[in-house]
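Asks: The primary structure of each chain is shown beneath.
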Amino acid sequence: MISANLSAIFYLVSGVLFILALRGLSSPETSRQGNFFGILGMIIAITVTFLSTDNFSTGFIFVLIFILVGGSIGAFIAYRIPMTAMPELVAGFHSLVGLSAVFVAISAFLNPEAFNLGVPGNIKLGSLIEMSIGAAVGAVTFSGSVIAFLKLQGIMSGSPITFKGQHPLNAIILVSIVVLIYLLCSSQSSNLFWILLAVSFLIGFLLIIPIGGADMPVVISMLNSYSGWAAAGIGFTLENTALIITGALVGSSGAILSYIMCKGMNRSFFNVILGGFGATEDTASNSSKEQRPVKSGNADDAAFLMKNASSVIIVPGYGMAVAQAQHALREMVDTLKKNDIKVSYAIHPVAGRMPGHMNVLLAEANVPYDEVFELEEINNDFANADVAFVIGANDVTNPVAKTDPQSPIYGMPVLDVEKCKSVLFVKRSLSPGYAGIDNDLFYKENTLMLFADAKKMTEDITKNL
Amino acid sequence: MEIDPLIFRLSIFILSIFVGYYVVWSVTPSLHTPLMSVTNAISSVIIVGAIIAGLSGNSESVFNTSSIFGFLAISLAAVNIFGGFLVTQRMLAMYKKKKKDK
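Chains as they are written, first to last, in my numbering: chain A, 1 to 465; chain B, 1001 to 1102.
Worth flagging that the hints you see were computed from the coordinates, not collected in a lab. Fair warning: there could be bad hints in the mix.
What the hints assert, rightly or not - Partial chain A-side listing against chain B, Cβ under 7 angstroms, derived:
(1) Leu169
(2) Ile173
(3) Leu174
(4) Asn240
(5) Ile244
Said to hold, decoys possible - Capping the alpha-carbon separation at 25 angstroms, the derived lysine-lysine pairs in BS3-like fashion look like this:
(6) B:Lys1097 <-> A:Lys337
(7) A:Lys164 <-> A:Lys295
(8) A:Lys263 <-> A:Lys337
(9) A:Lys164 <-> A:Lys421
(10) B:Lys1096 <-> A:Lys337
(11) A:Lys263 <-> A:Lys402
(12) A:Lys421 <-> A:Lys444
(13) A:Lys295 <-> A:Lys124
(14) B:Lys1096 <-> A:Lys338
(15) B:Lys1097 <-> A:Lys338
(16) A:Lys456 <-> A:Lys307
(17) B:Lys1097 <-> A:Lys342
(18) A:Lys342 <-> B:Lys1096
(19) A:Lys402 <-> B:Lys1098
(20) A:Lys402 <-> A:Lys338
(21) B:Lys1098 <-> A:Lys342
(22) B:Lys1098 <-> A:Lys263
(23) B:Lys1098 <-> A:Lys338
(24) A:Lys419 <-> B:Lys1097
(25) A:Lys307 <-> A:Lys263
(26) B:Lys1096 <-> A:Lys455
(27) A:Lys338 <-> A:Lys444
The structure presented is a predicted model; accordingly, all values stated were derived computationally and were not measured. For every residue, glycine included, the Cβ atom is placed at its ideal position computed from N, Cα and C.
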């Protein structure tokens, strides 16, 4: 057994290693080293926990068994998961962090002696407050992530679920959580503790159901943040620096990502959280539906246009992930490059279902990361490019965001695709995107619509090049 | 009068939020997905609490209600630790620079 002071120092070390793990992600070159620091930090934290208990009973063996069981399941999932399913995976993992925070809190509540927090029925006030906050946030993270997972997986419809009185109900529940924590801390009643957990699970569920599929990047980031705050809450209870530091890091990381995602859609955080976007708007735009002429073409026309171009910009979106077209796309680009055509990729901040989703898919298809650009880096290049190849993206290219103040997406930063000499738009039909509004780009003089499955069309173009 | 240790923990917490703020802003947007999976993995350091809970039983009975919740939490957190770090590793291995013979 090592002294409490020594173990506290080791926990600090592992906290610092976690900071370095995130720091490493500032560039792809240092990122692998960063991940190594993260693993090292985790090993130190777990080892120190073992060394600081003097209880090497049979329980110790069970701890190892459970680590091995969980670890093998985790490793199995990590190796098998396709990259297109990363949003679901991350949502699923968030739910596990939330649930384990809840379990640790329950355990501490039932047996506070093991954590030096007092005795049942007379837990130290500060610890009880921290514990109940950690448990409540953990429960919200769990049920919210489960809903996000079901929506992303397609088990539950991605369309927002709204009902009358939804917001007042949520507000009442949130207030009741605060009241319950207050009552729990003054009465130490275990019944109140269970009610608090039940209500927290309920609110996590209610908060996520009104949020639509394409707002998932914000939701996932937000739940990421929650899982951090839950960990920090438990960290205060356990007086553990590694947990407090990590909780704060993860909490602020998720918050920043939510902010970036909201900015990418020009919507406020509350607008996203209150939900219902995309469900209410489409009635307005459908009423003024008029048939406008579009030019449509086939793979042959597309190949001809691209063969005669000197530079091509590719704009991938969620549709590319759905069609699993990233490998076919890379092959097409390889053929283009053989013909001395300059190719780059333009990624909108909210393309896909989670932050950076498109980048991972392109990396999986062996696209070098220095050919992939963010919106601000590449937006001026569209005017000089010959062909823009839009594959699976829609709202993020809609020029209406710049021209029509009435539009629900007005003010959202969009890729200036229409400035290209010609635009190739791969899409299955003319149906509007998530925002429920028509894309003006379809009807532009220089747009050629390619109505087909993204993967099939890309393969056909490659054959024709 | 002595300062409550809670204040020290609170200071660590607040300062870490600031560290997190600056570190995360420096993360390149193309690595935002690995950022989420790695934050996922490190937040599972909650396993230290789960281990203490799991070891709370005495030598006669390893399992009591409290330690069972601890063991459950251990396995959940372990899924996340192994899954999170490995999937991050897998993703990061895919990020390659342009080859010289372009």
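Asks: Compare the structure with each hint and give your call.
Replies: How the hints compare with the structure:
1. Leu169: violated (30 angstroms)
2. Ile173: violated (25 angstroms)
3. Leu174: Since chain B brings no Cβ nearer than about 22 angstroms to A:Leu174, farther than 7 angstroms, the hint is violated.
4. Asn240: holds (6 angstroms)
5. Ile244: holds (5 angstroms)
6. B:Lys1097 <-> A:Lys337: With Cα atoms ~16 angstroms apart, B:Lys1097 and A:Lys337 stay inside 25 angstroms; holds.
7. A:Lys164 <-> A:Lys295: Violated, because 43 angstroms separates the two Cα atoms, which is more than 25 angstroms.
8. A:Lys263 <-> A:Lys337: violated (34 angstroms)
9. A:Lys164 <-> A:Lys421: Violated, at roughly 48 angstroms.
10. B:Lys1096 <-> A:Lys337: The hint holds at about 18 angstroms.
11. A:Lys263 <-> A:Lys402: holds (15 angstroms)
12. A:Lys421 <-> A:Lys444: This hinted pair holds, its Cα atoms lying about 11 angstroms apart.
13. A:Lys295 <-> A:Lys124: violated (72 angstroms)
14. B:Lys1096 <-> A:Lys338: Since the Cα atoms of B:Lys1096 and A:Lys338 sit roughly 20 angstroms apart, the hinted pair holds (cutoff 25 angstroms).
15. B:Lys1097 <-> A:Lys338: Holds - the C-alpha atoms of A:Lys338 and B:Lys1097 are around 18 angstroms apart, at most 25 angstroms.
16. A:Lys456 <-> A:Lys307: holds (19 angstroms)
17. B:Lys1097 <-> A:Lys342: holds (16 angstroms)
18. A:Lys342 <-> B:Lys1096: Cα-Cα ~19 angstroms, so holds.
19. A:Lys402 <-> B:Lys1098: Given pair A:Lys402, B:Lys1098 is violated - Cα atoms ~34 angstroms apart, limit 25 angstroms.
20. A:Lys402 <-> A:Lys338: With Cα atoms ~36 angstroms apart, A:Lys402 and A:Lys338 exceed 25 angstroms; violated.
21. B:Lys1098 <-> A:Lys342: Distance ~13 angstroms between B:Lys1098 and A:Lys342 Cα, so the pair holds.
22. B:Lys1098 <-> A:Lys263: At roughly 30 angstroms apart (the allowed maximum being 25 angstroms), A:Lys263 and B:Lys1098 break the hint.
23. B:Lys1098 <-> A:Lys338: holds (15 angstroms)
24. A:Lys419 <-> B:Lys1097: violated (29 angstroms)
25. A:Lys307 <-> A:Lys263: Violated, at about 36 angstroms.
26. B:Lys1096 <-> A:Lys455: Measuring from Cα to Cα gives roughly 23 angstroms; hence the hint holds.
27. A:Lys338 <-> A:Lys444: Given that 25 angstroms is the threshold and the Cα spacing comes to 30 angstroms, the pair is violated.
Of the numbered hints listed earlier, those contradicted by the structure are 1, 2, 3, 7, 8, 9, 13, 19, 20, 22, 24, 25, 27.
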